[in-house]
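Take the sequences, apply the hints, and build the full model.
Chains as they are written, first to last, in full-length UniProt numbering: chain G, 1 to 160; chain S, 1 to 160.
Some hints could be false.
Which copy? The list can't say, so a pair holds if one copy fits it or any two copies do.
Claimed, not checked - Derived pair list, reagent style DSS-like, types lysine-lysine, alpha-carbon separation capped at 27 Å:
#1 Lys-33 <-> Lys-44
#2 Lys-44 <-> Lys-124
#3 Lys-124 <-> Lys-33
Hints were generated in silico from the structure; no laboratory data involved. Predicted model, so just to flag it, every value in this text is computed and none were measured.
Next come the chains, spelled out residue by residue.
Number of protein chains: 2
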Amino acid sequence: MAKTKGICALLLRALALAATVVAAIVMVTSHEKSTLFTVTFEAKYSHTPAFKYFLVANIIGAVYSFMVLFLPAESMLWRLVVALDVVITMLLTSGMSAALAIAYVGKKGNTYAGWLPICDQVEKYCQHVGGAIAAGFAGVIIYLLLLLYSIHNVLNPLLV
Amino acid sequence: MAKTKGICALLLRALALAATVVAAIVMVTSHEKSTLFTVTFEAKYSHTPAFKYFLVANIIGAVYSFMVLFLPAESMLWRLVVALDVVITMLLTSGMSAALAIAYVGKKGNTYAGWLPICDQVEKYCQHVGGAIAAGFAGVIIYLLLLLYSIHNVLNPLLV
Chain G
1 MAKTKGICAL LLRALALAAT VVAAIVMVTS HEKSTLFTVT FEAKYSHTPA FKYFLVANII
61 GAVYSFMVLF LPAESMLWRL VVALDVVITM LLTSGMSAAL AIAYVGKKGN TYAGWLPICD
121 QVEKYCQHVG GAIAAGFAGV IIYLLLLLYS IHNVLNPLLV
Chain S
1 MAKTKGICAL LLRALALAAT VVAAIVMVTS HEKSTLFTVT FEAKYSHTPA FKYFLVANII
61 GAVYSFMVLF LPAESMLWRL VVALDVVITM LLTSGMSAAL AIAYVGKKGN TYAGWLPICD
121 QVEKYCQHVG GAIAAGFAGV IIYLLLLLYS IHNVLNPLLV
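Written out as structure tokens, the structure reads:
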């Protein structure tokens, strides 16, 4: 039983690693040049602080997921893992939400503030960013599952 | 010892309630009319989906904090509290990050996307929103502390 539980958590951590790595790679490769009349228009992730933050959050998430996957079973650091999981989950949630908020303005614009949508000009770039955010969202959900799983495992024997 | 711990958690929950209520009230009252030449310009939180999301997240956080504060000690629902704390913390983090990302564009603009800053026109509104985000941030930090505290309390006796 304990072995099945361990394998399940390991699988979730491997999935979290995959999701954060994909999110980071898809975001960092999002780039498009577009010409409107005579003006060349370049869109890339580094033009938007929220996307840079999303990238950094997912790189930290990926490195952390990788380290935990290869943490020896007898390590003292396992004591900290649930607490660090909470912090990493919050970091990933924060990066994903900030990127999504900006991507939404890019897609729909905000007429009150006079911010025009840019996705009609750089459609491929917007799809790329959308893909990165979807992967980031998957990472967040996997970390949430991991946390609920840890809480269930640790708390249930105490409380039931 | 157990009593001191209980009081400490209760205090943190009361602070979380205060922070989320303040964040919601300050956001919902952010409103400014400004006239530039002959054009009247109105800014309010409901013009920005991210700010509406921030408000909803903080209202849910406030209602949850309130309910937990008055949950009877013998209730079966205490089993769910740590898991619900995780979900509420993620919701508050997400709302705060989305609102902050948009507020940053409002303050600094984004020249690449052609989005102009609007805070010069509606300075009072921007300060108001900034205050709401600061209170929201306080709520997030208090919930993080609560979570780390629960993890420390529950896991330490098992692991040490």
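Evaluated hints:
| no. | hint | result |
| --- | --- | --- |
| 1 | Lys-33 <-> Lys-44 | within (9 Å within a copy, 35 Å between copies) |
| 2 | Lys-44 <-> Lys-124 | within (11 Å within a copy, 33 Å between copies) |
| 3 | Lys-124 <-> Lys-33 | within (10 Å within a copy, 38 Å between copies) |
Hint violations for this structure: none, all hints satisfied.
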